[in-house]
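One letter stands for each residue in the lines below.
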Amino acid sequence: MPDGFLDLTTSVATGVVAAGAVGLALRRARTELDDRTAPLAGLTAVFVFAGQMINFPVGAGTSGHLMGGALAALLVGPWTALLCLSVVLLVQALLFADGGLTALGTNITLMGVAAVAAAWGVTRLLQVLLPRRRSVLPAVAAVAGLVSVPAAALVFVGLFAVGGQAPVDLGTLVTVMTGWHLVIGIGEGVITALVVSSVLAVRPDLVHAARRYRRAEDQQLQLRSGSSAEVGA
Amino acid sequence: MRGRVGTRTLVAVGLLVSLLLAAVVSLWAATTPDGLEHVAGQLGFADTEAEHGAAGSPFADYGTAGLPEGWSEAVAGTVGVVVTGLLAFGLAWLLRRRGSGVAARTED
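Those protein sequence lines, which keep their order, are chains A and B.
Under the working numbering, the first residue of the first sequence is numbered -6, with each subsequent residue one higher.
Under the working numbering, the first residue of the second sequence is numbered -12, with each subsequent residue one higher.
For the record, the hints were derived by calculation from the structure and aren't laboratory data.
Remember, predicted model here, so these are calculated numbers, not experimental data.
Some clues are possibly wrong.
Claimed, not checked - Okay, the calculated beta carbon distance ranges per label pair:
{"no.": "1", "chain 1": "A", "residue 1": "Arg204", "chain 2": "B", "residue 2": "Val(-8)", "range": "11 to 21 Å"}
{"no.": "2", "chain 1": "A", "residue 1": "Gly172", "chain 2": "B", "residue 2": "Gly53", "range": "34 to 44 Å"}
{"no.": "3", "chain 1": "B", "residue 1": "Glu56", "chain 2": "A", "residue 2": "Val155", "range": "34 to 44 Å"}
{"no.": "4", "chain 1": "A", "residue 1": "Arg125", "chain 2": "B", "residue 2": "Gly43", "range": "47 to 57 Å"}
{"no.": "5", "chain 1": "A", "residue 1": "Val195", "chain 2": "B", "residue 2": "Val11", "range": "21 to 31 Å"}
{"no.": "6", "chain 1": "A", "residue 1": "Pro124", "chain 2": "B", "residue 2": "Glu56", "range": "47 to 57 Å"}
{"no.": "7", "chain 1": "B", "residue 1": "Arg85", "chain 2": "A", "residue 2": "Val121", "range": "24 to 34 Å"}
C-beta: ideal position from N, C-alpha, C; glycine also.
Looking at chain A on its own, in the form it has when it is part of the complex (with noise of 0.2 Å):
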């Protein structure tokens, strides 16, 4: 989101949001970085920066890109994710100029906070929900991108509402925000799938939606003894 979009009061608000989430995570980060999982980190980061410059046409003289809160929240962790996307959305505006600068807090609240939030909240909820085995995350993950999209978009007319700086009726803003990011969405859902499938086929261990699977496949893997053993993993 660009400067000008919302008023001063729901700029210095948001950016108020995204500094204490921002602190937050700096602390809860530590829960979910250690020496094996930080080097992931750092590429997840670089990989939603990409990601972000590939503008896919989804009709009618729209586009979209990725967005990554899904992506990062169930490859590094909610917390790291938040801190990923900061990274992300900082180096786009101080250096792309892409996304404003008064608008950053927002943009963080937006796709750190509210994308990832919705994300991992459904990452979970599915967990809980599906069978306790590492081959639904693929499905999970295409669940989770596909709703942090207009997850996000449903945050910004939320913020529209209260500091919009232009007449806009907001039914009308709602459905075709809505409509369009959930097109979008399924891009997001897609890529999301496919890259968490990725890093699951050569190396399960480091994905942090993986982790809660461990344990319960270790204890298989006990059972039942040897040769099979790797099939299941």
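Since chain A is already given, all that's left is putting chain B on it; use the hints.
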């Protein structure tokens, strides 16, 4: 975990893919407005957009000042990957817990 890809290999391949996306594939990315820009135009609040405070950056709008088309975007994408990488790998390295914790037995 024998036979699995090492962390260095994973990071190297991931960085290479990211670099290709940012510096090469991005030249063919769609240039139509994204979802928010489209809605802003459609509902008439696009013109509330203010001039960007960093508009004078040599890499503004993912181009590189003074370079011909093509090279301009490729260099900007490369710079973005490098700067994002330095910040993100650095931050993760600073924040990480020492030792590999619960999963010490799966080290590569």
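Okay, the hints, checked on the actual structure:
For the pair A/Arg204 and B/Val(-8), the beta carbons lie near 19 Å from each other, so the given range of 11 to 21 Å is met. Roughly 41 Å separates the CB atoms of A/Gly172 and B/Gly53, a value that falls within the hinted 34 to 44 Å. For B/Glu56 paired with A/Val155, a C-beta distance near 41 Å keeps the hint of 34 to 44 Å intact. Between A/Arg125 and B/Gly43 the C-beta distance comes to about 54 Å, which sits within the given range of 47 to 57 Å.
A C-beta distance of roughly 23 Å is found between A/Val195 and B/Val11, which places it inside the suggested range of 21 to 31 Å. At about 52 Å, the beta-carbon gap between A/Pro124 and B/Glu56 stays in the expected band of 47 to 57 Å. The hinted window of 24 to 34 Å between B/Arg85 and A/Val121 holds, with their beta carbons roughly 32 Å apart.
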